[in-house]
Amino acid sequence: MATPIQMPSLSPTMKEGKIVKWLKKVGDKIASGDAIAEVETDKSNLEVEAYDDGFLLEISVPEGEVATVGAPIGYLGAKGEKVSGGAAAPAAAPQKTEAPKAAAPSAPKAEAPAAKPPAQAPAATGSGEGIAILMPSLSPTMKEGKIIKWLKKAGDKVSSGDAIAEVETDKSNLEVEAYDDGTLARIVVNEGDMATVGAPIAFLTPKGAKAGATAPAAAPKAPAPQQAPAAAAPSAPAGAQVVPLRREAAPAASGGGRLRASPLAKRIAQERGLDLAQVRGTGPLGRVVKRDVEQALGQGLAKAPAQAAAPQAKKAGAQPEARAFGTRPEPQAVPMSSMRKVIGQRMSEVKPGVPHFYLTVEVEMEAAVKIREEAKALDVKVSVNDIIVKAAAIALRRSPKMNVSLQGDQVLHYGTVDVGIAVAIEDGLITPIIRDADLKGLQTISAESRDMAERARKRALKPAEYTGGSLTVSNLGMYGIDQFIAVINPPQSAILAVGAVAEKAVARDGQVVVRKVMTVTLSGDHRVIDGATGAEYLRELKGLLEHPTRLLF
Amino acid sequence: MPELMYREALNQALAEEMERDANVFLIGEEVGRYNGAFKVSQGLLDKFGSARIIDAPISELGFTGLSVGAAAVGLRPVVEMMTWNFAILAMDQIVNNAAKLRHMSGGQLRCPIVFRGPGGAGGRLSSQHSQSLEANYAHFPGLKVIAPATPADAKGMLKSAIRDENPVIMFEGERLYALKGEVPEGEHIVPLGVADVKREGTDVTLITWSRMYYFCMEAAEALEKEGISVEVLDLRTLRPLDEEAILKSVRKTNRAVICEEGWALAGIGASVVDLIQSQAFDELDAPVVRVTGLDVNMSYAANLENATQPDAPKIIAAIKKVLYREGA
Chain Z
1 MATPIQMPSL SPTMKEGKIV KWLKKVGDKI ASGDAIAEVE TDKSNLEVEA
51 YDDGFLLEIS VPEGEVATVG APIGYLGAKG EKVSGGAAAP AAAPQKTEAP
101 KAAAPSAPKA EAPAAKPPAQ APAATGSGEG IAILMPSLSP TMKEGKIIKW
151 LKKAGDKVSS GDAIAEVETD KSNLEVEAYD DGTLARIVVN EGDMATVGAP
201 IAFLTPKGAK AGATAPAAAP KAPAPQQAPA AAAPSAPAGA QVVPLRREAA
251 PAASGGGRLR ASPLAKRIAQ ERGLDLAQVR GTGPLGRVVK RDVEQALGQG
301 LAKAPAQAAA PQAKKAGAQP EARAFGTRPE PQAVPMSSMR KVIGQRMSEV
351 KPGVPHFYLT VEVEMEAAVK IREEAKALDV KVSVNDIIVK AAAIALRRSP
401 KMNVSLQGDQ VLHYGTVDVG IAVAIEDGLI TPIIRDADLK GLQTISAESR
451 DMAERARKRA LKPAEYTGGS LTVSNLGMYG IDQFIAVINP PQSAILAVGA
501 VAEKAVARDG QVVVRKVMTV TLSGDHRVID GATGAEYLRE LKGLLEHPTR
551 LLF
Chain Y
1 MPELMYREAL NQALAEEMER DANVFLIGEE VGRYNGAFKV SQGLLDKFGS
51 ARIIDAPISE LGFTGLSVGA AAVGLRPVVE MMTWNFAILA MDQIVNNAAK
101 LRHMSGGQLR CPIVFRGPGG AGGRLSSQHS QSLEANYAHF PGLKVIAPAT
151 PADAKGMLKS AIRDENPVIM FEGERLYALK GEVPEGEHIV PLGVADVKRE
201 GTDVTLITWS RMYYFCMEAA EALEKEGISV EVLDLRTLRP LDEEAILKSV
251 RKTNRAVICE EGWALAGIGA SVVDLIQSQA FDELDAPVVR VTGLDVNMSY
301 AANLENATQP DAPKIIAAIK KVLYREGA
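Which chain is which? The protein sequence lines are Z and Y, in order. Going left to right, the first sequence walks through residues 1 to 553 as the UniProt record's numbering numbers them. Going left to right, the second sequence walks through residues 1 to 328 as the UniProt record's numbering numbers them.
There's no promise every hint is true.
What the hints assert, rightly or not - Restricting the straight-line Cα-Cα distance to at most 25 Å, the calculated cross-link-like pairs of lysine to any residue (SDA-like) are: (1) Z:Lys-149 - Z:Glu-294; (2) Z:Lys-18 - Z:Thr-467; (3) Z:Lys-21 - Y:Lys-248; (4) Y:Lys-320 - Z:Arg-260; (5) Y:Lys-248 - Z:Lys-18.
Think of the hints as simulated: they come from the structure by calculation, not from any bench.
Take the sequences, apply the hints, and build the full model.
This is the structure we're talking about:
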């Protein structure tokens with residue numbers, strides 16, 4: 001029985017994912033736990049795992065294309081089995097996040113429903129659905145809840161006590177538990193949708209019950225030719241769910257053998273915008289190697305320069321070539337990456353949604369810079385930013401009113417000091433968190449920062465590494481920026497915008513002297529922090545940086 | 001520049017370092033009155049006396065342990081192993097003491113000591129006396145492992161090894177001792193941990209060390225006549241590996257062949273392949289190929305002995321494979 005493989009939710013903010021690469025091809029044997037595809041989320045590249053054994057019957061979303069969370073990206077089933085439901089269905093069918101897998105694994109052999117009159121397989125409404133799982137009341141004031149995330153999908157075995165969904169209430173995010181054993185037959189309320197307290201959000205097929213009888217949604221998916229009478233189909237309201245998002249022009253490669261090319265040949269082809277499929281490989285087993293790519297490039301097989309230029313322009317430091325005077329090339333439309341979309345969306349929510357206030361202070365950095373020099377003499381790598389992170393953390397510990405986060409209508413007071421560092425990466429930014437930064441030495445902070453920045457650039461950070469914290473340090477000093485104002489990254493409540501350390505003429509004791517000065521601007525969330533709290537924090541931070549021995553106390 | 005045999009270059013290095021530093025002494029079987037099993041210590045007993053050129057009984061574990069102790073209290077012993085096959089007896093002292101003294105004492109003790117002797121096949125010595133054991137020692141943190149191929153490197157690296165503050169394992173070769181090469185006089189120092197491009201090329205990087213270097217040069221010269229440009233990279237030091245030099249050359253040629261006399265499984269070459277695939281994957285135009293000793297014990301028969309070891313024709317075949325010129 002073909003079951004869909006769905007685009008999983010791989011980060012808290014992920015709405016859709018791009019298939020970077022299929023790690024299995026059609027016809028491959030799959031075991032539960034196998035990585036089957038690599039997916040680019042808004043945060044990082046992660047692997048999609050199979051949850052069942054079987055054979056990959058179909059790839060519905062080819063490499064390079066995007067699918068929303070929950071949409072089928074491929075189908076799994078018995079060897080040689082055909083995926084019939086999707087292909088025949090109208091192309092206009094909407095993509096659904098709901099799990100079409102439903103009762104598929106347990107769906108009866110095709111003869112069974114045929115022998116039974118439809119009456120015995122009640123329509124998708126009413127009590128015949130099995131046990132309804134209701135939106136629970138999770139706080140005294142809760143009237144409705146939003147499904148943040150389904151932790152189980154249709155077809156999953158559920159035991160009493162299992163967390164099956166994450167629900168956002170008016171207070172916080174909580175988990176809904178199952179009170180019975182069985183199989184999750186159908187999800188009624190999709191992720192992101194609301195349900196009032198007491199309304200069914202899903203149906204459970206009790207243990208031992210015939211799934212086919214309780215989950216009519218399974219019928220249209222049954223690929224067997226002699227399936228349930230046609231009349232059953234319309235009664236299944238969610239019939240269209242199973243339709244995979246069809247894509248035109250699936251790559252020829254997905255149909256059969258994979259394209260063999262050496263890593264170097266692939267790299268050159270990508271840089272030069274050459275389609276490797278058009279290159280004849282002369283290496284063993286037809287492998288495309290460097291000489292083949294070079295020959296093809298010599299024959300002008302590369303894509304139009306405009307297309308090839310796009311990835312090239314991304315290279316750091318690459319200067320766009322001057323165009324000839326008088327020509328006016330059309331602007332190129334490049335699709336937004338998942339990360340750009342989320343940054344765009346979050347920033348446009350944060351700026352009007354979070355009332356910012358700003359405090360700016362100048363810090364003399366002589367002593368802090370000296371720490372770096374002393375570290376260098378000891379062959380220890382410590383940057384000025386590491387010192388700022390450490391000072392920001394100690395200051396945060398000493399200013400507990402700053403170490404907060406607004407969650408619903410509660411203010412979380414953290415008992416730990418976790419400081420984010422803003423890392424610019426290609427086409428975006430991310431803020432990995434240094435945990436317990438107040439307790440860590442400069443060397444540890446430095447090593448962790450470098451490690452996480454490096455992995456951020458490779459998009460290899462785990463969600464736990466960039467969530468949480470109450471404050472982020474964003475430093476544009478290395479670009480020579482004197483001062484700037486940063487946007488808070490909720491649920492954090494503050495961000496430090498750090499400028500460059502530069503020599504400036506300042507007045508001290510009636511004299512004009514030259515000092516290394518750095519400007520720091522704090523953005524605070526005025527809903528939880530007030531100006532005086534922020535000012536006290538900055539005073540502490542300034543003191544720590546100007547007299548770093550205070551870090552020891 | 002004078003031409004010296006490999007053994008003469010080593011002798012020169014020993015004599016110069018013993019003159020320079022009174023703490024340096026040589027200990028081993030037959031190093032004194034017999035002037036060395038392979039004549040490396042020729043004339044040194046006469047020159048430095050029996051307090052510094054010490055004939056040890058046939059007790060590798062014993063004199064190795066004694067020397068490790070001497071190093072811990074300030075002397076700089078050079079321990080000659082008649083061959084590395086016999087040094088297996090002393091491995092406990094080398095691995096559990098020499099390599100770990102600094103660590104176990106929290107830096108209070110140092111162990112500036114050199115263990116040196118021939119490795120590899122000597123010619124019809126059968127399985128117990130023909131082993132290339134450098135991979136065994138390269139496995140251990142706390143040791144440095146060197147295996148120079150040329151007389152000049154032998155001199156320069158032995159001098160560096162004696163001056164190093166850590167235990168250094170030096171692989172020489174029975175079949176290297178009589179080979180001649182130009183050797184700079186006096187203070188010739190070759191730093192440890194630095195590989196050497198012995199021959200520049202553009203089509204493939206041929207990575208090797210010790211005696212296999214000569215087969216590699218032979219193969220490179222033969223291939224030049226076919227229009228194939230081979231870059232020969234002599235690692236010289238096996239721990240720490242000169243990763244930068246390996247990657248630099250592979251990034252230039254996009255292909256690599258590694259030739260080692262020892263066995264393939266868990267060999268040095270396996271670590272070099274790992275380095276290349278993890279750090280220069282996108283530079284590779286072909287899988288890396290290794291030429292190694294065959295996975296058998298060494299035969300006594302000369303024809304089988306030769307068949308067991310890498311040689312120029314095997315290296316040439318490997319290079320053609322990575323150049324996709326098989327059967328061409």
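Quick rundown of the hints versus the structure:
1. Z:Lys-149 - Z:Glu-294: violated (49 Å)
2. Z:Lys-18 - Z:Thr-467: holds (22 Å)
3. Z:Lys-21 - Y:Lys-248: violated (30 Å)
4. Y:Lys-320 - Z:Arg-260: With Cα atoms ~20 Å apart, Lys-320 (chain Y) and Arg-260 (chain Z) stay inside 25 Å; holds.
5. Y:Lys-248 - Z:Lys-18: violated (35 Å)
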